[in-house]
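In order, the protein sequence lines correspond to chains A, B and C. By numbering that gives the first Met the number 0, the letter at position 21 of the first sequence is numbered 20, and the numbering carries on one by one without gaps. By numbering that gives the first Met the number 0, the letter at position 52 of the second sequence is numbered 51, and the numbering carries on one by one without gaps. By numbering that gives the first Met the number 0, the letter at position 96 of the third sequence is numbered 95, and the numbering carries on one by one without gaps.
Rather than coming from a laboratory, the hints here were simulated on the basis of the structure. The beta-carbon is built from N, C-alpha and C at its ideal position, and this holds for glycine as well. Wrong hints could be hidden among the right ones.
[Stated by the list, open to error] Calculated lysine to aspartate or glutamate pairs in the DMTMM-like style (CA-CA distance at most 25 Å, straight line): (1) K159(B) to E69(A); (2) K159(B) to E54(A); (3) K123(C) to D137(C).
[As the list claims (entries may be wrong)] Heads up, incomplete: computed chain C residues facing chain A, CB under 8 Å, no partners named: (4) L42; (5) S81; (6) L92; (7) I95; (8) V100; (9) V141; (10) T147; (11) I168; (12) L171.
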Amino acid sequence: MNRIEDMPCDEALDLLEPYVDGDLPTAVADCLRAHLETCRSCAGELALARRIQSELRSLPQLDCPPEILERVRSQGGEVVPFRPRRTGLPLRIAAAAAMLVLSLGGGALFVHFQQQPRQPSAAEIAQATQEARYALAYIGKVSRRAGLDVRDDVLARRLVRPATRSVSLSLGVATQEPAPVRGEQP
Amino acid sequence: MLTAFDDTARAYRRRVYSFARYLLSSREEAEDVTQEVLLRLWRHQDGVEEERLGSWLLRVTRNACYDLLRRRRSEAKQGLATSLDDETAQEVASAEPDPQSRAEAADFRRRLLGALGELGEPYKSIIILREVQGLAHREIGEALGIPEVTVRVHLHRGRKKLRERLREAEA
Amino acid sequence: MRKTIIPGLALVLFLAASALLAQAPQKPQKPAPSPGFVPLAELNLFPQDKLSAEVNLEGAILRLVAAAVKQEDPAFSSMVASLRSINVQVFPLAGIDAGAVKTKIDRAVHWLEDRGWKANLRVKEKGEETYIYLKEQDGQIVGLTVLTFQPGDEAAVINISGRIDPAQIGRLGQSLHVQQLERVPAGKKPH
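This is chain A alone, in the form it adopts within the complex:
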């Protein structure tokens, strides 16, 4: 079949974009090319298809205002919105009181208590979660303040590696020499 004469305009119009991209099989591309040589209307559409692509490719990459990154760094991090309540002392007193009552109150109950410790409530787990996040946040804060960005690459270099070798030479001076200017250990 001679497709050159057979290819109708609507079929040609369907093939313009793949033709522009070079995605048509050679035989089909040849048929389309032949059609375009004889059809001014479709040739005009091809010119438009090419211009659209060319115009899209010349659109600039738009740049993000630098303050966006700053915003993420300064405000975006998850805020730890609380200061942990002091639970240590009251808990210890409560624990002692409980022990006293239970010990005097009966061994069976005591044993039951020991075998089945009270499950913390959801609120207590939520509080503990906040406290754990607080501890991490504090490490983050201290690190930032010390000029140390505690990230994996930095930590791998400064924390993990030194810990696996002797650090006495590099760090032992700390207690013998005047305070060094802010800086990392070698």
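Given the coordinates of chain A, work out where chains B and C should sit on it, guided by the hints.
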């Protein structure tokens, strides 16, 4: 001191922002989306493999834009929709040296951006990622979770739709 | 000191109860402390009744925390799941002579070094001091202790024990902020 987050954010923020900006046609919304995406990068970088970071960021960006577009569509029903903003049109103004050519080119570009803005998904995303941002079909497929061949088909159809709309507008 | 009295009292009472109830099963043994655990009470860094913040979390509650946040924050969950304890003490220094606290911080540094902790970061600048110490066992980091002394602001000690990936802790810490914490006026008791 630069951290890996900074490095990554600097490397990708332009791509994220530009994608969002063309997808949304709004500077303000694109900034919001970029901030949201970078925040997610900060919080979830542990869970993202480095080689998939680019496609992950684009997927997150597109989803964030979709959310905004959905909201916008519901606002459109109430007559509150926005079209291509002037700022975007100005920022992408043609740089033709001759005033007459510049005016004609600017007009064509404005109409093209208008048509792009009205194009549905996934055509719009694919055209932006491929033609404006120059990503490979494979990268786009990874970002959008579709086969490479589908990317090509959608790209052709999307550009054809643009051509038809521009032609209709001329007529 | 209080911490030593109470377990002692409990033990006496327990023995008394056990003697009365011979058939009662034995009390389960308390697990040995993790080698990376630092008994902050023993260090006696700050007056216990003047702490502005305190965290005392141990294994069981940490595992519950890990389970609770597994879906929402898998990185944080996996980090917490491998920990044995998290302890924090924060002591406000505003308006007080911090000299005594500084001396105690120095003493704590020696305490750690005497027990095999290795310093990995020391920063001293304008009176501020920050130390990060790690405890290693069999090639694994099992303890992380941060000491910080900021005159006019606050001093703090943080100890984390368990199976520790310092990189992960650093990464998570980096993404968290204590901005609101910093807005709490010094000396105000948190609740």
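Evaluated hints:
1. For the given pair, K159(B) sits about 41 Å from E69(A) by alpha-carbon distance, which is inconsistent with the 25 Å threshold.
2. Taken as a hint, the K159(B) and E54(A) pair is honoured in the structure, with Cα atoms around 14 Å apart against an allowance of 25 Å.
3. Restraint check: the Cα-Cα separation between K123(C) and D137(C) comes to about 31 Å, which exceeds 25 Å; the hinted pair is violated.
4. For L42(C), the shortest C-beta to C-beta distance to chain A is roughly 14 Å, which exceeds 8 Å, and the interface hint is violated.
5. Taking 8 Å as the C-beta contact cut-off toward chain A, the hint placing S81(C) at the interface is violated, the least distance being around 12 Å.
6. At its closest, the beta carbon of L92(C) sits 14 Å from a beta carbon of chain A; the interface hint therefore is violated under the 8 Å criterion.
7. At a threshold of 8 Å, the smallest CB-CB gap from I95(C) to chain A is about 18 Å, leaving the interface hint violated.
8. At a threshold of 8 Å, the smallest CB-CB gap from V100(C) to chain A is about 16 Å, leaving the interface hint violated.
9. Taking 8 Å as the C-beta cut-off, the interface hint given for V141(C) is violated, the closest approach to chain A being about 10 Å.
10. Below 8 Å, beta-carbon pairs count as interface contacts, and T147(C) has one with chain A at about 5 Å; its hint therefore holds.
11. Because the closest C-beta pair between I168(C) and chain A is about 6 Å apart, less than 8 Å, the hint holds.
12. At about 5 Å, the closest approach between the beta carbon of L171(C) and any beta carbon in chain A falls short of 8 Å, and the interface hint on this residue holds.
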